[in-house]
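Novice: Here are the chains, one letter per residue:
Protein chains: 2
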Amino acid sequence: MKKQSIDNSFFHHTSVAIAGASTSYNIGHAFVSCMLDSGFKGKVYPLNPSGGEILGLKVYHSISDVPGTVDYVISCIPARFTPQLVSDSAAKGAKIVSFFTAGYSESGRRGGLDLEEELLRVARARGVRLLGPNCLGLYCPEIGLSFACDFPKEKGSVGFISQSGGNSIYLIRAAGQRGIRFSKAISYGNALDVDESDLFEYFATDGETRIVAAYVEGVRDGRRFLEALRNLSAVKPVIILKGGCTGAGAVAASSHTGSLAGSDEAWESLLSQNGAIRVYSLDELVDMLVTFSYMPPPQGRSMTVCGSNGGFTVLTADEYIDAGFSLPSLPPKDQHEINDVVARFSNTDAGMILSNPFDITNIGSGEGQYSIMRLLADNSMFDLVVAQVSISNSGWPHERSPFRFWPDMFLDALLKVHCEVSKPMAVIIHSSITDIDCQRALELQQKCSSAGLPVYISIPSAAKAMDRFLRYHEKR
Amino acid sequence: MKKQSIDNSFFHHTSVAIAGASTSYNIGHAFVSCMLDSGFKGKVYPLNPSGGEILGLKVYHSISDVPGTVDYVISCIPARFTPQLVSDSAAKGAKIVSFFTAGYSESGRRGGLDLEEELLRVARARGVRLLGPNCLGLYCPEIGLSFACDFPKEKGSVGFISQSGGNSIYLIRAAGQRGIRFSKAISYGNALDVDESDLFEYFATDGETRIVAAYVEGVRDGRRFLEALRNLSAVKPVIILKGGCTGAGAVAASSHTGSLAGSDEAWESLLSQNGAIRVYSLDELVDMLVTFSYMPPPQGRSMTVCGSNGGFTVLTADEYIDAGFSLPSLPPKDQHEINDVVARFSNTDAGMILSNPFDITNIGSGEGQYSIMRLLADNSMFDLVVAQVSISNSGWPHERSPFRFWPDMFLDALLKVHCEVSKPMAVIIHSSITDIDCQRALELQQKCSSAGLPVYISIPSAAKAMDRFLRYHEKR
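These protein sequence lines map, in sequence, to chains A and B. Just so you know, we're using my numbering here: the first sequence kicks off at 51 and counts up by one. Just so you know, we're using my numbering here: the second sequence kicks off at 51 and counts up by one.
Treat the hints with caution; some may be incorrect.
Note that identical chains are pooled: a pair holds if it fits in a single copy or bridges any two copies.
[Claimed, not checked] Derived lysine-lysine pairs resembling DSBU-like cross-links, with alpha carbons at most 35 Å apart:
1. K514 to K497
2. K142 to K383
3. K473 to K286
4. K514 to K525
5. K514 to K286
6. K93 to K203
What the hints contain is simulated information worked out from the structure, not anything from laboratory work. Only a predicted model underlies this, so the values are computations on that prediction, with no experimental measurement involved.
Build out the structure end to end from the sequences listed, making use of the hints.
Specialist: What follows is the structure in structure tokens.
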């Protein structure tokens with residue numbers, strides 16, 4: 051029987067029941083508190099045979115006791131009780147049961163496989179969709195549905211699926227910190243019923259989703275996945291991190307989500323031939339989301355680099371050249387304009403690099419920095435302007451250094467140029483070491499993200515992400 | 051005339067004069083405060099024609115007014131006055147003049163080149179060595195000589211040279227945070243007189259230096275450098291980051307330190323044929339210093355991974371396999387031992403990966419974690435144990451999560467095993483997002499470094515560093 055395809059009703063629920071929530075802290079309790087903290091707009095029903103109250107909510111003995119219907123059920127009870135829960139949920143009109151519960155096929159035991167089969171049989175018979183098992187379920191910020199209390203509350207345009215719950219937590223938090231917002235995210239674990247292909251098919255048609263990201267360990271039906279991926283990547287960028295692409299990784303993937311991981315070579319050609327952008331770590335995935343979300347496609351690969359510190363300036367040029375960009379020198383007339391600005395704002399050009407790439411550390415005025423970057427951004431020979439600033443070094447020789455606000459001044463100047471000139475720009479706020487550095491870097495990141503600038507946290511990762519972004523657009 | 055070779059007297063000074071230090075904040079003032087903050091054991095003489103007092107120290111009008119001799123002079127005065135300063139310094143018995151002052155050959159102007167020639171002429175005639183120009187000079191923690199107030203005060207066994215002052219600040223701070231200590235570090239800028247070859251020759255014989263790191267943009271004398279590198283790498287590991295290895299990077303390097311950067315191909319073969327370990331970023335350089343400083347060479351590439359979160363566990367296995375390691379499965383007897391321990395500490399094995407690589411997130415007791423890692427470390431089939439822990443995810447579903455101390459518990463268990471079993475081990479403390487994460491990660495890093503464990507901050511970078519380390523030892 052062909053599975054019913056997923057539509058918006060899969061994500062929009064007016065009531066959630068959490069089976070296995072206890073009055074003292076446990077995972078079910080945590081899910082309840084997430085719903086409340088995330089401002090879930092519907093009813094929340096904790097379920098536990100012991101009854102009681104959780105965070106002011108009545109705990110029902112079983113789902114059958116809940117008044118009215120329940121749309122979405124989260125199972126945190128032992129695996130052996132779950133077939134009954136699916137059946138009872140169906141009776142309550144549930145559309146989906148999601149299983150934090152683990153101990154199924156990924157256990158490698160016959161009993162686990164049998165249980166999965168039974169779940170599927172009950173679900174199909176009763177018209178309920180299953181998410182997982184061994185997953186965290188749905189994140190749909192529009193209705194306040196979440197599986198972590200601190201996920202962004204605003205919705206955005208990234209759709210994300212992950213077989214790993216832990217990886218989905220990290221990805222959503224890390225990308226959230228960099229200004230990324232999600233339409234929907236789905237932690238789908240063992241993919242017993244709802245799988246990557248179902249979700250890719252949905253995202254291809256979802257008007258709220260502009261970019262799709264995935265952490266996949268294995269696929270159930272290769273042919274169907276290939277088609278779903280091809281259709282999706284024809285209309286939206288699809289960025290994929292494949293876990294378990296090595297021998298030991300595949301063993302781990304099997305034990306993690308019961309996945310048959312497949313050979314890396316097969317995946318490499320499958321992904322590249324079907325339009326996916328492949329990345330190799332969660333941080334690379336975040337970088338791609340930042341790039342696709344915040345950077346308009348540059349017209350070409352001619353660029354300029356401007357920032358602080360000579361050594362970092364040299365290394366930034368090296369990274370971008372290695373990544374396939376060019377940093378042409380300015381023609382004499384344009385170079386003279388730059389030199390004139392420098393002469394207005396500094397009594398020496400010592401200790402700076404005043405050809406492409408530019409090191410303007412010793413321009414100590416925001417107006418001077420603005421004037422130089424404005425000239426660079428206005429110059430039609432550059433398709434792209436990349437600014438880079440080291441956080442740690444701005445506190446030299448000590449934390450009270452008068453240069454410690456250099457990054458703030460420089461980024462204000464950059465943001466002003468970004469407002470005024472419509473040219474692709476990016477900023478790398480890098481080299482944080484101490485906790486004070488870290489706090490400053492996060493504040494500056496946020497300021498730039500809020501202004502619509504793509505922000506990166508290391509020079510090599512920025513160059514790599516932009517290269518992948520350009521390759522994507524060059525192929526189209 | 052062959053240059054006089056560098057010996058310990060180059061680093062050990064009893065008096066320092068800083069030319070161009072002003073009573074209000076400027077660079078010279080900053081150097082003075084660095085000497086005081088770093089506990090320099092000798093005399094500090096600020097120099098300025100305006101006189102006055104800086105941080106309780108009398109400011110002398112010129113170096114000639116200083117009573118007695120001066121060993122080490124730091125120039126922060128305009129370039130045109132520096133030949134006279136070298137001459138006056140020689141008259142005071144100075145061994146070295148170091149130039150923060152820039153505006154020489156790197157300016158690309160005839161006048162800058164002429165000034166360099168004049169400096170060199172005066173220095174050679176008067177028997178003074180020059181450091182830079184366009185540099186930060188010497189860091190020698192043993193005598194409290196430093197060019198940043200917060201560099202580690204304890205000495206160590208890493209010798210470091212850098213053409214870039216900014217890169218030397220970042221490297222020393224970042225490595226310092228990861229538990230690395232230095233014998234001597236030299237920011238040597240344009241390398242007019244003292245150059246990379248002089249310093250490599252010195253480090254080859256320096257009994258206090260066990261590992262050498264370098265950020266180099268270009269070399270003055272290729273043949274001599276090759277010989278110095280070959281001799282040094284024959285006795286100590288030498289890790290090199292080459293800046294300006296691309297066209298635009300080379301243009302920047304020329305404008306940064308007046309360097310002729312050379313082609314990347316030439317450098318690649320020069321470095322690999324002469325025993326250097328090449329890295330491509332400052333963070334990779336830090337990783338190599340951590341590895342060489344803290345990890346005993348493993349006997350082979352058979353390893354086990356143990357840590358938190360299934361998704362990260364899969365990705366860690368992938369990274370290490372890709373880097374050329376193997377993660378063999380346990381034989382049945384050893385696997386049963388692990389399973390028995392798990393059964394003692396958890397009523398289910400759901401949600402864990404209990405084959406190599408291991409995910410023991412759901413073992414909620416330090417004793418259980420210790421028992422598993424002890425079994426793994428004791429197992430002679432593994433040459434290496436790598437532990438990995440995600441900081442962000444331990445605060446799931448919210449910051450008050452009772453699992454938030456999982457990393458602390460896990461690392462305590464690991465440190466206990468590390469104390470008891472003499473097997474190469476490493477720990478990756480990764481995936482920090484917020485400032486709170488960052489603070490926690492730094493504390494845990496420090497705890498592990500203090501206990502002698504090599505600590506890494508990302509999964510891919512850890513695998514890459516260990517692969518380079520193994521390659522180094524496999525070649526010998």
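Novice: Does each hint hold? Answer for all of them.
Specialist: A quick look at each hint next to the structure:
Taking the closest pair of Cα atoms, K514 and K497 come within 35 Å of each other both inside a single copy (23 Å) and across two copies (33 Å). In this assembly of identical chains, K142 and K383 lie within 35 Å of each other by CA distance neither inside one copy nor across copies; the values are 75 Å within and 48 Å between. For the identical chains of this complex, K473 and K286 are intra-copy neighbours only, at 23 Å inside a copy versus 49 Å across copies, given an alpha-carbon limit of 35 Å. In this assembly of identical chains, K514 and K525 lie within 35 Å of each other by CA distance both inside one copy and across copies; the values are 17 Å within and 31 Å between.
Taking the shortest alpha-carbon separations for K514 and K286, both the intra-copy value of 20 Å and the inter-copy value of 33 Å come in at or below 35 Å. Taking the shortest Cα distances, K93 and K203 sit within 35 Å of each other inside one copy (18 Å), while across copies they are farther apart (59 Å).
The structure fails hint 2 only (numbered hints given earlier).
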